[in-house]
Amino acid sequence: MHPLIRRLHRTLSHHIDSFLLICTMILISLGLAVLFSASDENLVKVGSQVVNITVACVVMWAIANVPPHQLMRFALPLYVAGLVLLIGVALFGEISNGARRWLNLGITRIQPSELMKIAVPLMLAWYFDRHESALGLKNYAIAAVILLVPVLLIARQPDLGTAILIASSGFFVLFFAGLSWKILGGLFVSGLASLPILWSVLHDYQRKRLLTLLDPSQDPLGAGYHTIQSMIAVGSGGPFGKGWLHGTQAHLDFLPEHTTDFIFAVFSEEFGLIGNLFLIFLYSLVIARGLSIAARAPTLFSRLMAGSITMTFFTYCFVNMGMVSGILPVVGVPLPLISYGGTSMVTMLLGFGILMSIHTHKKLVKT
Amino acid sequence: MKEKVEIRDHQREMRAYRLRLSLSAGFILVFFLLLVSRFFYLQVVQHEHFKTLAENNRISIVPITPNRGLILDRNGTVLARNFSAYTLEITPSKIKNLNKTIDELSKYIEISPSDKRRFRRLLDDSHSFESLPIRTRLKDEEVARFAVNNFRFPGVEIHARLFRQYPDGELTSPFLGYIGRINDDDLDKIDAAGDTANYKGTDYIGKMGIEQSFEKQLHGTTGFDEVEVDSGGREVRTLSRTPPISGDILTLTIDSKLQEIAEKAFGDFRGALVAIDPNNGEILALVSKPGFDPNLFVEGIDSQTWAALNNSPDKPLLNRALHAEYPPGSTFKPFMALAGLQLQARSPTDTISDPGYFELPGQSHHYRDWKPGGHGMVDLHKSIVVSCDTYYYGLANLLGIDKIHDFISQFGFGKKTGIDIGGELSGVLPSAEWKMKRYKQKWYAGDTVPVGIGQGYDLATPLQLAFATSILASDGTAYKPHLVESIRNSKTGKMEKTASAFLYKLDIDPNYLADVRSAMIDVTKPGGTAPRVGEGAPYEVAAKTGTAQVIGIKQGEKYVASNIQERYRDHALLIAYAPADHPRIALAILVENGGHGGTTAGPIARQLMDYYLLGKLPQDKVNQEKIDAPAD
Chain A
1 MHPLIRRLHR
11 TLSHHIDSFL
21 LICTMILISL
31 GLAVLFSASD
41 ENLVKVGSQV
51 VNITVACVVM
61 WAIANVPPHQ
71 LMRFALPLYV
81 AGLVLLIGVA
91 LFGEISNGAR
101 RWLNLGITRI
111 QPSELMKIAV
121 PLMLAWYFDR
131 HESALGLKNY
141 AIAAVILLVP
151 VLLIARQPDL
161 GTAILIASSG
171 FFVLFFAGLS
181 WKILGGLFVS
191 GLASLPILWS
201 VLHDYQRKRL
211 LTLLDPSQDP
221 LGAGYHTIQS
231 MIAVGSGGPF
241 GKGWLHGTQA
251 HLDFLPEHTT
261 DFIFAVFSEE
271 FGLIGNLFLI
281 FLYSLVIARG
291 LSIAARAPTL
301 FSRLMAGSIT
311 MTFFTYCFVN
321 MGMVSGILPV
331 VGVPLPLISY
341 GGTSMVTMLL
351 GFGILMSIHT
361 HKKLVKT
Chain B
1 MKEKVEIRDH
11 QREMRAYRLR
21 LSLSAGFILV
31 FFLLLVSRFF
41 YLQVVQHEHF
51 KTLAENNRIS
61 IVPITPNRGL
71 ILDRNGTVLA
81 RNFSAYTLEI
91 TPSKIKNLNK
101 TIDELSKYIE
111 ISPSDKRRFR
121 RLLDDSHSFE
131 SLPIRTRLKD
141 EEVARFAVNN
151 FRFPGVEIHA
161 RLFRQYPDGE
171 LTSPFLGYIG
181 RINDDDLDKI
191 DAAGDTANYK
201 GTDYIGKMGI
211 EQSFEKQLHG
221 TTGFDEVEVD
231 SGGREVRTLS
241 RTPPISGDIL
251 TLTIDSKLQE
261 IAEKAFGDFR
271 GALVAIDPNN
281 GEILALVSKP
291 GFDPNLFVEG
301 IDSQTWAALN
311 NSPDKPLLNR
321 ALHAEYPPGS
331 TFKPFMALAG
341 LQLQARSPTD
351 TISDPGYFEL
361 PGQSHHYRDW
371 KPGGHGMVDL
381 HKSIVVSCDT
391 YYYGLANLLG
401 IDKIHDFISQ
411 FGFGKKTGID
421 IGGELSGVLP
431 SAEWKMKRYK
441 QKWYAGDTVP
451 VGIGQGYDLA
461 TPLQLAFATS
471 ILASDGTAYK
481 PHLVESIRNS
491 KTGKMEKTAS
501 AFLYKLDIDP
511 NYLADVRSAM
521 IDVTKPGGTA
531 PRVGEGAPYE
541 VAAKTGTAQV
551 IGIKQGEKYV
561 ASNIQERYRD
571 HALLIAYAPA
581 DHPRIALAIL
591 VENGGHGGTT
601 AGPIARQLMD
611 YYLLGKLPQD
621 KVNQEKIDAP
631 AD
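Chains as they are written, first to last, in this note's numbering: chain A, 1 to 367; chain B, 1 to 632.
Check the hints yourself; a few may be wrong.
[To be verified] EDC-like cross-link-like pairs, simulated, lysine to aspartate or glutamate; straight-line CA separation at most 16 Å:
hint: 1; chain 1: A; residue 1: Lys242; chain 2: B; residue 2: Glu55
hint: 2; chain 1: B; residue 1: Lys94; chain 2: B; residue 2: Glu48
hint: 3; chain 1: B; residue 1: Lys257; chain 2: B; residue 2: Glu170
hint: 4; chain 1: A; residue 1: Lys242; chain 2: B; residue 2: Glu48
[Stated by the list, open to error] In silico negatives: residues of chain A with every beta carbon more than 12 Å from chain B:
hint: 5; residue: Ile5
hint: 6; residue: Ile22
hint: 7; residue: Leu32
hint: 8; residue: Ala81
hint: 9; residue: Val84
hint: 10; residue: Glu94
hint: 11; residue: Arg130
hint: 12; residue: Pro158
hint: 13; residue: Ala167
hint: 14; residue: Ile232
hint: 15; residue: Gln249
hint: 16; residue: Thr310
hint: 17; residue: Ser325
[Claimed, not checked] If you want the footprint, here are the derived chain A segments under chain B, 3+ residues with CB under 8 Å:
hint: 18; stretch: 37–44
hint: 19; stretch: 236–248
hint: 20; stretch: 295–309
Keep in mind the hints are simulated off the structure, nothing from the lab. Note that this is a predicted model, so its numbers are computed, not measured. Think of the CB as a built atom: it goes at the ideal place given N, C-alpha and C, for glycine as much as any other residue.
Next comes chain B alone, as it looks inside the complex (with noise of 0.2 Å):
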């Protein structure tokens, strides 16, 4: 009996056991179907989406910054190049104390009070998340150094970056401009021309000059490599690569040794000069002195060095050729003698009688001329050759404002040139309307006197005088003044010329262009205003000078420059080109409180000429003698 119940109890026992088996197999079955399904799940019906993610995960795109175009002369002489340079950079939002940081990396590479100078304006001009150079141009020993403790400064990298280089430095500046770091307001230009993916990786762009409005070309297009990266953002390998473009390679207008021969000839004199080639408007110099190192912006400026140069008061950041407006004094006169004779108010032997003061009718005010006593009898051609003030007041007075206007606005003055480069201003030619627009007041017919000789409202930019010159030059044929010669495509090697420059020719009879230019031809002979322009040379120059004065003389007072500050003596002007019978130059010149126009720009212009026309140097460095020409 108690055997049989062991025995019952042992198979039911065991019955039950199996149950638990059967029911755990049960329970196996259940949850491994409930994995099958969850893998079902991620692996089918959510695969798209996670491939995506581990896509997204593994995958960066690194930019390839191009190199940005080279930047050439007429005759294939390099003016801005790029060369390739280890930094030192720091990010700054990954370092906790930046001072120290610095001072423990000056431990192994040098770094110079300016560098951190330059570092602090970079750090205030830029997001703490970008990596800033704190020194550029590391020697291979610094960068070894500093590579063996590298694992002392994180946050701090060393890169090797193409910089800019502006070999002729102050020479090419004014229009060359420069490139800099790309700062808030580039970035939102960026952005609003929809290049933001272009300039991924770039961190300079042009801010002036060429540099800037050749932005576009010289940039390139951004390459970028598809690279594999680790959860730690590092680069594992390359999948795939598309190369960057380099920037169009840009040729130049601009004859380098002629500018470099006009930057040398101003000598510490100030002011400005623009020469161009009347047949077509190419720019063969342009110079703005003093001028500043523009390789200084590149690698960014430091605050000491950038508050030097906008505080000078010689204003070198100022581009005298574009930026600054001039009245354009007597150069302005072949212009007034054209309309004259145009507009039949004058012919061209039509005399009038100087005697050293013109008056309007019924008004007591005298508009001297510049020679007391006056020139006697003057007609169209001794006007210009000896510069008479009182026929130009009287033919002002006899055309009127507002014809003056519409006549010489032919040569381009009172608006701007179109040169292509920015920075341009669009002097003053005024007119009744103008000056209620812009005074708020009526037009007096003393407003218009002293617009006869280049005074008064009037108001030109260096280029618009060489501009107006190179109408003149060409007996009236304007092309639009220009810099690039052509643009080369570094990709497929593909040359393209800038459209031909030509704006208009203007209707005025050849008759009349000739008188001018007769005229302007014998300022440069003895008995001119700037014999020493023609003094011997083998071609004919035709030239005009112009005085602009600083401050006002009071009537009945006389302008006697030594007794004047040096800063506060009459702007120097002329205006010339040559050969006169076939014009290939044509140029204009200021020189601040530079005096006579024949004095101290002529000895330019003819420098000038002489190389460009004869390919002659000029002697060693020109004797700025004060010999005793003709005051103007």
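One chain only, chain A, in its complex shape (with noise of 0.2 Å):
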């Protein structure tokens, strides 16, 4: 090999997991094949996706690049831009399908919450780390504010989906920052306790969508249409599937948002139980790295990115699945590195960048 291509090589793949890299490229292919038959063979959105994960990979790697401590130093301007933004959304978002989500900043749309996505348990974790000497009951509280006030914020928007995933993240910050078993135990209690409380504050459409869940035959126009399709598209696929490009239920539309929240019910009719269980082996094989990754971070920030990015892709890929196997209820959560979307598949990648800068920093960090 000429020495200017190894050099290029080495510096391009110096930081790069390759074993995460190689589960990942596998999954974002099979979600290339599945996109291009939820598409209806439409190679003009695959190619956009083409272009989102190309973009994203360039995001990951130049995360991969950037050693912890310097990640750390984004954490607080990141947050505080993130719920500046937040609040300029509350105040004067843009309107799309009932819900305020985008701020329009003139030149571009943005969405703060994804911003938020990486900014909470960044901040956590920067937060923990830098109070790593002496943890004590007054940092969980004010690690408790941190996290409530952009989720809170979010849930108002309203994006349930979005909420429960930040909050997710932030709380296994939390949970590996080493937050006693007294209070989890405690705050599981106090979580039921006030699941009435939770449930006045809900949007009547956030409210219909629970009661779908349990019953979903009660309303099979409305708001029980979504799982019932998605349940009979899963359902028929059966233990084989029907075959790439060979299922009905989404080229016939009969479910709904098929190349984006509900992609995994066209995987799974198209690719049956068997298809179903290599995903979650691939999912399985991401999140083992992940978590092995973490158990060897060298210092309290990384252990807690680690952990909660991977804990939080995991949320990901389990919300988003039992969504649409019936047993959770439909929330606008994507699944991992399948889903249509420039979005989620930058934060997903840019996650798996810190996840790799974690793993090929550490010896610089001992040294």
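Since each chain sits alone in its own frame, please combine them into the complex, following the hints.
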């Protein structure tokens, strides 16, 4: 090999975790194949997803090359900026589909809640790392405030899916930071106790979704329609699936959002139980790698980040697949690395970039 | 020391952290297993259930309406056919403001007031979810103009539909009937017959005549496309197609040229005519005047036109050939004559003296002969030739009602002929039993007397008269009158002839039949009551005229046609067959308010026979001159 190419290769791959990369690439390729089918063989859509992936990969590579302690420096500004934008959305945001999620900055429309998916755990990890030497109850309380303010703002938009994901990503930071079991137990109990209160603040459509989950057939043409149709898609796929491009539920438009949130139904219809097991296996590999990176992470910040990113990734997988298969309510959560859409792809690969950075920079930290 | 603690703390922290990581891993495992078991439940345990749901979701059956069978006359002339046309259809349930939509539509497509009226009537008779035509036979430009603006009109669509067309219109309506939109009654019948599936996609059904009685054969078998539909119900692609099977092709016994000649021969008269081939019962012509254009009913008739037809004093919707009963009058005499001969009441040579009336013994009531002063000495032959009433008053009295009934019912009077279309009435051939049933009254001898001349309780449809005449013509062989000669299966091409219409052969002495025939031949000769029927014909015609009273004439009064309003004048009747020795055509003609049978019905019969036997077309319009023929 030409030394120049070798140097280039080394530069490019130095901070890339090849195991994670390979798993990710398999998942992304699988995603493109499903998207091709789900979009009714729309190459333009597949092409634009390829662009999304390319951008996301560049972001991943760039982040992977930034050492964790450098990343920490972004935590506070990113969080504050995100919070300001969220308040901006609450005050001046654009309404689309009955929810106020977008902020028009003149040049571009942004969805600040997406930014918070990274900013919140980053901020919390940074906060705990700063106070590592003497972590007290006070710190956890402050952390809880750091977490709850953006979560509530987002839940009010309303965007329950994102709020839950951000809440869980923040919770995982707290959990790995050593939040005592007593408090965890107390949270669990008070969480259960506050369910009625939570119910009363939910929007009608959110309540409907929850009720529909219990009995989708109650409202087959309304709120239950999505769940019923996606369950039909999954169930009719059977053990071996209908074959790629042969799913009828998606191709005949019975499935809603079949390139984005419900793409798993298309996958499941066409590849069956075998396909689902393979997908869960791939996700498990990614998660296992993430956990192993977390286990070997040298600093508190990197341990919290790696743990939170991995667990959040799992949450995405579980919530999406649970929603499609009818055991969780319909919330707007994409299937990681598969669903169409640039934002979630960038968010995912940004997280993987951080994982890779943590993994490949630990020797440097040690020395 | 301090350092030591820190190290221990760090290790403990790491242990706690790794414990939490392991717990997380376990947590993930549990939840993934939960998902896997959910997948297993949906995709293995419940797979069949969801598979069925998915199939039902995507597959829709779209019926393909078969072409309705053609109807041809005996020479292959098309009497009923189909044409394809674009229709503009509205589904009322999908429309908020129907009037506004129609007004808007008329900006793009011409919608006449009669179209609107017809649509209103359809609307009343249909369900709101049905797609109802507001305009039919759209021109290509109109189709294009609407297509461009289709988006403005949800619930309005253009369809290509097959329509029924009766090229001869009014001429063929008495036997063809017509088709019309399926209504609730029709639906009930379809359901009861278990034909619901076959009528998916069919909008029309036979309502009368051949179209109704042969609905099953004409309709055909509905095919269907199995199509894949999307969630909006739009067809995506066809998975399989079962082609429809067109309805059978019916060939009728009707000779449409003969029908046309008969219809024209009536001129402005109302009435009916039935011509039968006495050798097989085939109906050659069946006229009811005035008629109506059956094409009006196909696309849905508007209420105004309907009311005009329904309320017209001419009753164009009444099928006079089948569904109207008239006293047979003197056309009843040949049958009475045969009864007298066969039942040995009178011999052919027995004579009576006719003083111009008949009296029952011990009663003063005069049963008047049509000829004041009477016909003098009358035997059987003369009684028919001059149509002597007194002869038959006496004969009827001699036989008694029950013998008359039993003998004459063999000629089909008093019961339905069994013709292969519906709507037939059975007429009345009275008997003591009948009167008791009908009026809860005893039969009197005085009731019998007028029956002898086809009056009194006697009633017959023109079809019955023609049937009786055909039995007379064939020397007592009865063939069921029928209209359908053969049915051709449009799929296999197999032709199925109607089974022989032979019913029975009467046990009547051939000599008596010959006696009656010879008298009926002389009816058409000079000196008979219908000399113009036989005048100059190269074949012999056997005939009998008749007059049916519309109003009663009081004792001692005289019937003077000119004194009586046209609608109360007598009906003219004529039965005839020819050639008399080997009859090929037998017919019965009724001309409402036509006065005397020989005068008005005679020329009609002659034109028919000339055409049917000689192929001779009638001279221009028949001159309905009122010459002084012997009155009946």
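How the hints compare with the structure:
Distance check on the hinted pair: Lys242 (chain A) and Glu55 (chain B) sit about 12 Å apart at the alpha-carbon level, within 16 Å; holds. Note on Lys94 (chain B) and Glu48 (chain B): the hinted pairing is violated, with a Cα-Cα distance of about 36 Å set against a maximum of 16 Å. The suggested pairing of Lys257 (chain B) with Glu170 (chain B) holds, with an alpha-carbon distance near 14 Å, which does not exceed 16 Å. Between Lys242 (chain A) and Glu48 (chain B) the CA atoms are separated by roughly 13 Å; this keeps the pair inside 16 Å, and the hint holds.
Once the 12 Å rule is applied to beta carbons, Ile5 (chain A) is consistent with being away from chain B; the minimum gap is 39 Å. Every C-beta of chain B lies more than 12 Å from that of Ile22 (chain A), the closest at about 20 Å, which supports listing it as non-interface. The Cβ of Leu32 (chain A) lies farther than 12 Å from every Cβ of chain B, with a closest approach of about 23 Å, so its non-interface assignment holds. For Ala81 (chain A), the requirement that its beta carbon stay farther than 12 Å from each beta carbon of chain B is met, with the minimum near 30 Å.
Taking the minimum C-beta to C-beta distance to chain B, about 33 Å, the non-interface status of Val84 (chain A) holds against the 12 Å cut. A cut-off of 12 Å between C-beta atoms confirms that Glu94 (chain A) is not in contact with chain B; the least separation is 29 Å. For Arg130 (chain A), the condition that its CB be more than 12 Å from all CB atoms of chain B holds, with the nearest at approximately 16 Å. Its beta-carbon lying about 25 Å from the closest one in chain B, Pro158 (chain A) satisfies the requirement of being farther than 12 Å from that chain.
Separation of Ala167 (chain A) from chain B is adequate, the least Cβ-Cβ distance of about 16 Å exceeding the 12 Å criterion. Distance check on Ile232 (chain A): its Cβ comes as close as 5 Å (rounded) to a Cβ of chain B, failing to clear the 12 Å threshold; non-interface status is violated. For Gln249 (chain A), the shortest C-beta to C-beta distance to chain B comes to about 6 Å, within the 12 Å cut-off, and the non-interface label is violated. The beta carbon of Thr310 (chain A) sits about 8 Å from the closest Cβ of chain B, which is not more than 12 Å, so the claim that it is off the interface is violated.
Distance to chain B contradicts Ser325 (chain A) as a non-interface residue, since its nearest Cβ pair spans about 5 Å, not more than 12 Å. Coverage of a stretch by a chain is defined here by at least three residues with a beta carbon nearer than 8 Å to that chain's beta carbons; for the stretch 37–44 of chain A and chain B the count is 0, and the condition is violated. Given as covered by chain B, the stretch 236–248 of chain A passes the check, having 5 residues with a CB less than 8 Å from a CB of that chain where 3 are the minimum. Remark: the stretch 295–309 of chain A is confirmed as covered by chain B, as 3 of its residues place a Cβ nearer than 8 Å to a Cβ of that chain, reaching the required three.
Hint check: violations occur at hints 2, 14, 15, 16, 17, 18; the rest are consistent with the structure.
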